[in-house]
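There are 2 protein chains.
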Amino acid sequence: MANVRVDDKFWAPRIEINRTRSLEHQYEELIKTGRIANFEIAAGTRKGQFQGRYYNDSDVYKWIEAASYSLAAHPDAKLDARIDEVINKIGAAQQKDGYLHTFIQLLHPDEKWANLARYHELYCAGHLIEAAVAHHEATGKRNLLAIAVKFADHIDSIFGPSRRDGTSGHQEIELALVKLYRSTGERHYLHLAGFFLDQRGQKPSSFEREYRSRKTESQRATYQRFIKGSNIFDTSYCQDHLPVRQQTEVVGHAVRAMYMYSGMADVAYETSDQSLVDALTRLHHNVTLKRMYVTGGIGPSRHNEGFTRDYDLPNDTAYQETCASVGMILWNYRMLKLTGDGRYADVLEQSLYNAFLAGVSLSGDTFFYANPLYCSAVDTRIQGEEHISNRRQGWFSTACCPPNVARLLPSLGKYLYSQSPKALWVNLYVASSVNIELDGGGKVTLRQTNNYPWDGHIRLEVGMASPQEFSLHLRIPGWARNPQVRVNGNQAAPEIIGGYLELNRRWQNGNTVELALPMEAERLEANPEVPQDLGKIALRRGPLVYCLEQADNPGDIDQMLLPVSSRLESHFEPDLLNGVTVVTGRAMLLKSPSWNDQLYRPAVATTPEPVKFRAIPYYAWANRQEGKMAVWVTASK
Amino acid sequence: MANVRVDDKFWAPRIEINRTRSLEHQYEELIKTGRIANFEIAAGTRKGQFQGRYYNDSDVYKWIEAASYSLAAHPDAKLDARIDEVINKIGAAQQKDGYLHTFIQLLHPDEKWANLARYHELYCAGHLIEAAVAHHEATGKRNLLAIAVKFADHIDSIFGPSRRDGTSGHQEIELALVKLYRSTGERHYLHLAGFFLDQRGQKPSSFEREYRSRKTESQRATYQRFIKGSNIFDTSYCQDHLPVRQQTEVVGHAVRAMYMYSGMADVAYETSDQSLVDALTRLHHNVTLKRMYVTGGIGPSRHNEGFTRDYDLPNDTAYQETCASVGMILWNYRMLKLTGDGRYADVLEQSLYNAFLAGVSLSGDTFFYANPLYCSAVDTRIQGEEHISNRRQGWFSTACCPPNVARLLPSLGKYLYSQSPKALWVNLYVASSVNIELDGGGKVTLRQTNNYPWDGHIRLEVGMASPQEFSLHLRIPGWARNPQVRVNGNQAAPEIIGGYLELNRRWQNGNTVELALPMEAERLEANPEVPQDLGKIALRRGPLVYCLEQADNPGDIDQMLLPVSSRLESHFEPDLLNGVTVVTGRAMLLKSPSWNDQLYRPAVATTPEPVKFRAIPYYAWANRQEGKMAVWVTASK
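Chains as they are written, first to last, in my numbering: chain Z, 402 to 1038; chain Y, 402 to 1038.
Quick caveat, the hints were computed from the structure, so don't treat them as lab data. No experiment lies behind these values; they were computed from the predicted model shown. Hints are supplied without guarantee of correctness; some may be wrong.
Said to hold, decoys possible - Here are the computed lysine-lysine pairs in the DSSO-like style, where the Cα-Cα straight-line distance is at most 30 Å:
| no. | chain 1 | residue 1 | chain 2 | residue 2 |
| --- | --- | --- | --- | --- |
| 1 | Z | K448 | Y | K616 |
| 2 | Y | K616 | Z | K616 |
| 3 | Z | K629 | Y | K1029 |
| 4 | Z | K815 | Z | K691 |
| 5 | Y | K513 | Z | K616 |
| 6 | Z | K616 | Y | K1029 |
| 7 | Y | K616 | Y | K738 |
| 8 | Y | K616 | Z | K513 |
| 9 | Y | K448 | Z | K448 |
| 10 | Z | K629 | Y | K479 |
| 11 | Y | K1029 | Z | K691 |
| 12 | Y | K616 | Z | K629 |
| 13 | Z | K542 | Z | K616 |
| 14 | Z | K992 | Z | K1013 |
| 15 | Z | K629 | Y | K992 |
| 16 | Y | K616 | Y | K629 |
| 17 | Z | K1029 | Y | K629 |
| 18 | Z | K410 | Z | K433 |
| 19 | Z | K992 | Y | K738 |
| 20 | Z | K433 | Y | K629 |
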């Protein structure tokens, strides 16, 4: 990531708003909601009570991770100092033995490591480690890394094959320990990650054994989510129903699933464990072929914040948590690294430009937790569940999503390119430059310019001191038809293998590659097994999924029918929603005699009126006045 | 009810199966699941532990009520003796002071009247009282009535204006106390019913005060449903958000709402309290105009077993609990009694023939708890939640629905006719005879014959010793257009007022009335505010709502489009589903190129194939092999 500089017209302003607005806004929320004070109270430097939920420490860690990525690309002494100030508070709260979890320290000191199913100690530890590695890489400082290492070593002294068993109710520690291994070279962290993965799926479950050992009714009550019927302890909610290598279906809480699969991919990458890769391949098939929204988002149900069953993809009640989309990006990136297969980059791109990006407003200070694909404009907020709303909110009592957005955006550079011994792979078309060192020491710069995602013309220029032979692999997205490529102005016709075309040659300074990915707006239909999308179509152009929003359309969008085969047009509107390409075309507007105060009446045959529709990218919805929105629109027959 | 004899070709076989099959089957389940043993254990005549849930006593009471209604119409010495045997066990379990609730007696004796929000003591007392009154009326015996009176007097000694406050988390006691008042003439039961209604909607809620007084964390945990956010105690789940006279929207748990409105209507009837009638009228408007399925069922959400918001009526996840449909029948019957307005009879009929009747199989031994309006044929059962299924089940761990069906069917006679001083009102067209005594002592018999609901021709014949002047009011259902009526063969043209036509004359023995309610199959559309029914139509013929079931149709019913204006035909099929009139017509079947293992693809324009559809009454669905079912079908445009 340090070698990539993003200067993309689409992403750079979002990253800059994230830096100037989101990070500041979220820091204020961390202060206001007592999340930082919890560390001071645990350290004894402030009086007061623990505030919030048992996972609140993680929001602070994620903010540090986000701020560190931002710092890496954009030095900022004030932010640097602010981070150090927060790190000092964290360090002061850490116990002598390395333990650190302010909720347990302040409210339930007797529950230390006693309720792995619920209390997220290992989850928070994972976010601490991720923050520490990011902070160390961005600044070279070791202050947070030392805290993380101390906690990780404490964890390692407690859990393991010859020590106690157990694993985290919410996965995260696994992928974090692999990061710590990579950062420190200490292989025991990798082993511990594998251990935590291997703990899942035992019979009886480690969580059930923990539950059986709890003494009081109030302790036992915290396991309620797992209790189904009188004698069934079902831990599929946290992917503990089977050993990880035997899992075939994506189940349970979507974020937990994504973080676990990411951890599995990391361990597989480091250990070449093919049985993990096989399981991940099966799970990826299941989610992408049966349980994923067209936006690349996942997890339809608010009730388990996760998966239900094959082809159950409701639009109005779509949960599609923003964090789950972050998880899809994390997992697919690791699958891409593991396999080099472009279809993982396709899913990454799909989640990134659609489900993920809808999670944050253009202004950078409000966020979706749940992301519906249909909005009736009725206020669907439920008292006490402000995270399910048709309007983005500034913050949430469970605030996982805002800092997840904030850490993903400034780390975007990480996902753009991959390197193999004699090749550079271009995964995403984001205007940027990258410096690499080839096997053998040759240094190459690649400069990518484009007007993506509005336009599919990509220009690449290589720079180097002396000619170098290597392959340039360019990803051809699954949505692209008839891509054209020119090298130094001359048409080339390389084969596309695994979603990438390969240009192998002896490159010289100033050589150019022009890739044309024709972007035509098109209609999609869903597999008829998806009951909620029957008879409906969605619009896609390039990587972007579109939606109809009420503000752009001449009649109630629920009463608009889209023909399956008329001409679609698109043009860029610079003043709309910070500049978007809209898709327009013919539609039919149903006109029915006015409804009085009836609920049902004999059906009236009517002649629809021809109108023109205008669709905007899904990511940009809910940035204007409240109104209806639909990704899937009824097709006229 | 004692004066009505049902001999209807449609209903009598269902009532007979209820008598011969359902009552027997349910008794076996009461035994098997320990529901009767709980009384013996509480009495000390059997060793063992309480089994099941805290409301299990009510299932036994409801079974006795059902069996008593059956006994009233059909003497059966064996059943009579079996009821007495169960009553003896109940009596033995009753405490000296009259208290009776085996869950509390056996498991939580220290929680007596301490957790009104949850433990259903008053709810079970209500069902005991209903059973006792029914048993007394059916048999003349006082054994169960004495138990109920003793418990009611105990309750009356504890709760009341000068005694302690509080009301039941689950309503039922209110309507039961009015029944007990009517049966015994003891007015204090009526006052107590009013007291329990008036307890609702206080600030802070009586349930919140109860919660604040609880000492242990495990006690407090039982109030979780009410806790929304850190400082919000929301009791709308049990209609405790506002004083009953100020309520305007149907909210919360649907069965609780229906039972409460029924109790309010009973109290209003006895006390002429117009403020209660006004509230009920508002609530009725809200439910029928914004929150009711086309089947007359209510309560879309499984999460509160109840209401969500206006126009939210999902089909696939429709909860539409069978007990809530029973509740709609109970409430609408009381509104009809209170106002004489036929629209309440319309809703009663709509719920009875559709949402309610779908709750029980033709064989009488399996039941729906939740009743979807769309079934994708995927097994939607959730482990530990077998009450949400696309197949009827024999029993449920929460078994409220089967005995509610079993008590409604044999009491059908109650709903058919009403009497006012000089008039007889025919509410429902069910072949039957009724004996009434007019003001002044004249005795009249009315004999109703018909082939309803398949045919709208109704024949009525009056019988009497000497001519009598009175009015015969015949309900003209809201769905009927151009009804015709003949008296002794001569066309009459009475006005229709409040949904009834009035024939006032001096009737002579053998006079006949012929009413013709033309029954044409028709298409319905839902208010476009209902997102889930947009672009769809439903079929109705007379009082019956129809559905497409996969077994009757030539292609995937999800791929069938119904024209809005082509001709619909109907004919009776004697061998189908115990004999039903089917509705048939033209449809278009979408043919799309086969789907491989894809989830989304570019939309393909296709030419649909003309086919013929066949629809069956909704109540009869899921009585054959598993397959898709839809009430709302996409309309072709």
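Taking the hints in turn, this is what the structure says about them:
{"no.": "1", "hint": "Z:K448 / Y:K616", "in the structure": "holds (27 Å)"}
{"no.": "2", "hint": "Y:K616 / Z:K616", "in the structure": "holds (18 Å)"}
{"no.": "3", "hint": "Z:K629 / Y:K1029", "in the structure": "holds (27 Å)"}
{"no.": "4", "hint": "Z:K815 / Z:K691", "in the structure": "holds (28 Å)"}
{"no.": "5", "hint": "Y:K513 / Z:K616", "in the structure": "holds (25 Å)"}
{"no.": "6", "hint": "Z:K616 / Y:K1029", "in the structure": "violated (47 Å)"}
{"no.": "7", "hint": "Y:K616 / Y:K738", "in the structure": "violated (46 Å)"}
{"no.": "8", "hint": "Y:K616 / Z:K513", "in the structure": "holds (25 Å)"}
{"no.": "9", "hint": "Y:K448 / Z:K448", "in the structure": "violated (56 Å)"}
{"no.": "10", "hint": "Z:K629 / Y:K479", "in the structure": "violated (39 Å)"}
{"no.": "11", "hint": "Y:K1029 / Z:K691", "in the structure": "holds (19 Å)"}
{"no.": "12", "hint": "Y:K616 / Z:K629", "in the structure": "holds (27 Å)"}
{"no.": "13", "hint": "Z:K542 / Z:K616", "in the structure": "violated (44 Å)"}
{"no.": "14", "hint": "Z:K992 / Z:K1013", "in the structure": "holds (15 Å)"}
{"no.": "15", "hint": "Z:K629 / Y:K992", "in the structure": "violated (42 Å)"}
{"no.": "16", "hint": "Y:K616 / Y:K629", "in the structure": "holds (20 Å)"}
{"no.": "17", "hint": "Z:K1029 / Y:K629", "in the structure": "holds (27 Å)"}
{"no.": "18", "hint": "Z:K410 / Z:K433", "in the structure": "violated (34 Å)"}
{"no.": "19", "hint": "Z:K992 / Y:K738", "in the structure": "violated (41 Å)"}
{"no.": "20", "hint": "Z:K433 / Y:K629", "in the structure": "holds (21 Å)"}
The structure does not agree with the numbered hints 6, 7, 9, 10, 13, 15, 18, 19 stated previously, though it agrees with the rest.
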